[in-house]
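Trainee: Read top to bottom, the protein sequences are chains A and B. Mapped onto the numbering used here, the consecutive letters of the first sequence carry residue numbers 1 to 280. Mapped onto the numbering used here, the consecutive letters of the second sequence carry residue numbers 1001 to 1278.
A few of these clues could be false.
Facing chain B, according to a computed beta carbon distance under 10 Å, are these residues of chain A, among others [claimed, not checked]:
| hint | residue |
| --- | --- |
| 1 | VAL50 |
| 2 | PRO100 |
| 3 | LEU192 |
| 4 | SER194 |
| 5 | THR204 |
| 6 | TYR216 |
Looking from chain B toward chain A, a few residues come up when the C-beta cut is under 7 Å (computed) [unchecked claim]:
| hint | residue |
| --- | --- |
| 7 | ARG1027 |
| 8 | ASP1029 |
| 9 | ILE1032 |
| 10 | ILE1039 |
| 11 | LEU1046 |
| 12 | VAL1198 |
| 13 | LEU1208 |
Chain B residues, not near chain A, derived (Cβ > 12 Å throughout) [as the list claims (entries may be wrong)]:
| hint | residue |
| --- | --- |
| 14 | SER1090 |
| 15 | HIS1149 |
| 16 | SER1241 |
| 17 | SER1274 |
No lab work stands behind these hints: they were computed from the structure. For each residue, glycine too, the CB sits at the ideal point set by N, CA and C.
Letter by letter, the chains look like this.
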Amino acid sequence: MSVSTSSGHRFDKLRTLRFGYGWRVARAIVRQALGREVQFRAQAWTTLAVGVLEVAVAIVPALLIFGRTDQVHGWSIGEVLMVTGAAQLLNAFLAAVITPNQSKMTDYIRNGDLDLILIRPAPAQLFAAFRWFEPAALLGALSGLAVLIVGWLQAGLHPSPAGVLFALGWFVLGCAAVALIWVNLGYLAFWLTSAGQLQEFLATLLTAGRYPLAFYPAAVRTIFLSLVPIGLATTIPVDALRGRNSLPELIIAVLLLGVLAMITRLHWLAGLRSYSGASS
Amino acid sequence: MTGPARRQLRFFSRLLRFNVAVTFVYRGDFMIMQLGNLIIPITSLLVWQAVLASGAPLPVSGRYLTTYFVLVAVVEMLASTWTAFFLAESIRNGELNQWLVRPTSTLVNAIANNIGEKLVKIIFLVPFVAAAVLILQLTGIGGGLGYPHQAVRWLAFAIAVVLAAAIRFTLDVLIGSLAFWFEDVQGFLRVSAVIVPVLSGAVVPLALMPAGWQLITQLQPFRFMLSFPMEVLLSDQQWTSGAPRTGFALQLLWLLIFVGGAALLWRRGLRSYSAVGA
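Chain A on its own, in the form it takes in the complex (with noise of 0.2 Å):
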């Protein structure tokens, strides 16, 4: 049994690492995906007009403080905006890539859908953290880039060529930590009944990316900034458009987003260890 398990692992390898089949694989995905939006064209657009409407209605809270003062603890509208902005621009990158896989985790894990996850020549992890990508969800970026656009020619901000670099870098890295954040959240149905009220919590708590870290006590700011590092993707970016950019700063943020990223691998071989499906 042995025997046949580590040959099956050693052709498993020599698949997954075929040139251009990782690449296969995830254009199989985006097609399939695309497909079933054509198929679904009203839900489509509901996922539109829902991504519009949710935008106007962030962005009600700043006009509402602005039409009483000019500036929040330093902050002006137009920097304010930048950020629900970017808030927004990360949620759609969640809702199209991150969510629809991860809430289907506890029904994988709990009906032992996972073994047919488990089985197929593609590596498992990636697999299951891509295998769902909704392109309407997509959509929903351009009103965040609109309201980002709208904030950066009110705010008035000339940064130079570095500063839009390291706005970029933080962006990504931003994204990415919240992502592994929530993927993890996801693996914790490995080991209780299900995760995804923790994950809808976790939703809501981005809500609060909205406004500028600066709006926050020091306690929350520091969550915002580590446990669930939304400050990230939203304040830091604008930050670094404004003029504060720090080299090393930005070096030690990537080199712990490869510590969460080890995590994530240590969390999900742990989480197949304890996972006892049909097959396994």
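With chain A held as given, fit chain B onto it using these hints.
Mentor: For chain B alone, kept in the frame of chain A given last:
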């Protein structure tokens, strides 16, 4: 009481006991859900306190804001429902059939589920509220809490909360009933999840809405799902001007409109319903 009514009441009390027991089974999820309900009010509280701290002139005090948002969390927990989702689901997958052959309605069960869920919530709620009040009093965030001491105001608050919960429930039946005609009501649910918090005063106290919009803000139905109970309790201005009377009249009017709409949709939907075996 007539025979059929007494019979329905007996069904109701059975269903209530059953639903309380079921809610207890999911107590872990339930706790997390309650904590999740606290996030929006806490965020709003912190943001508006920051606005106040940075020197913005607001028509309400820090103390009013703090008390308002603590109460928002409480009322939101007591008034919110999840009926729409389950109702739509049972219509879509034909589970409604089971209820059509029973001597009572799925709506009676939905009401029992709502009340049962709220009984369990109150048990969980007491420690949360006690902790929140204690933390706010000790830290003095936003000047601590301020609340009236007249019993009549608390009574009016309690009645307003019950009516708010009833409006929320009928709105849920209304949205859930749309599943008779639409494959997927998820879109409607998401739209209401985006709109209701803003228009009901969960994100921003309606007193902070622009003055030019006050008439619309005051008359629209969502105010009576959340904001109105708090106004009745906290606003001295309301009591001196005799506004609660108008407010309660409007709240009842909206409840009647929603009940009428929900009943109409439900009846029509049942007539057009065609699941396997129905």
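Trainee: Each hint: holds or not?
Mentor: Quick rundown of the hints versus the structure:
1. Hint status for VAL50 (chain A): holds, given a least beta-carbon distance of 5 Å to chain B, under 10 Å.
2. Using the Cβ-Cβ criterion of 10 Å, the hint placing PRO100 (chain A) at the interface with chain B is not satisfied: the shortest such distance is roughly 13 Å.
3. The beta carbon of LEU192 (chain A) comes within 8 Å of a beta carbon in chain B, closer than 10 Å, and the hint placing it at the interface holds.
4. Because the smallest distance between the Cβ of SER194 (chain A) and any Cβ of chain B comes to about 7 Å, under 10 Å, the interface hint for this residue holds.
5. Residue-level restraint check for THR204 (chain A) holds (minimum Cβ-Cβ distance to chain B is 5 Å; threshold 10 Å).
6. The interface hint given for TYR216 (chain A) is met, as the beta carbon of that residue sits about 5 Å from the closest beta carbon of chain B, less than 10 Å.
7. Interface restraint check for ARG1027 (chain B): the shortest CB-CB distance to chain A comes to about 11 Å, outside 7 Å, so the restraint is violated.
8. Here the hint on ASP1029 (chain B) is kept, as its CB sits about 4 Å from the closest CB of chain A, short of 7 Å.
9. For ILE1032 (chain B), the shortest C-beta to C-beta distance to chain A is roughly 4 Å, which falls under 7 Å, so the interface hint holds.
10. Interface restraint check for ILE1039 (chain B): the shortest CB-CB distance to chain A comes to about 5 Å, inside 7 Å, so the restraint holds.
11. At about 5 Å, the closest approach between the beta carbon of LEU1046 (chain B) and any beta carbon in chain A falls short of 7 Å, and the interface hint on this residue holds.
12. Satisfaction of the interface hint for VAL1198 (chain B) is found here, the shortest Cβ-Cβ separation to chain A being roughly 5 Å, below the 7 Å cut-off.
13. The interface hint given for LEU1208 (chain B) is met, as the beta carbon of that residue sits about 6 Å from the closest beta carbon of chain A, less than 7 Å.
14. Here SER1090 (chain B) stays apart from chain A, with its beta-carbon at least about 19 Å from theirs, past the 12 Å limit.
15. Distance check for HIS1149 (chain B) against chain A: the nearest CB is about 30 Å away, which clears 12 Å, and the non-interface claim stands.
16. For SER1241 (chain B), the non-interface assignment is confirmed: its Cβ lies about 24 Å from the closest Cβ of chain A, beyond the 12 Å cut-off.
17. Against chain A, the non-interface label of SER1274 (chain B) holds: every CB pair exceeds 12 Å, the least being about 21 Å.
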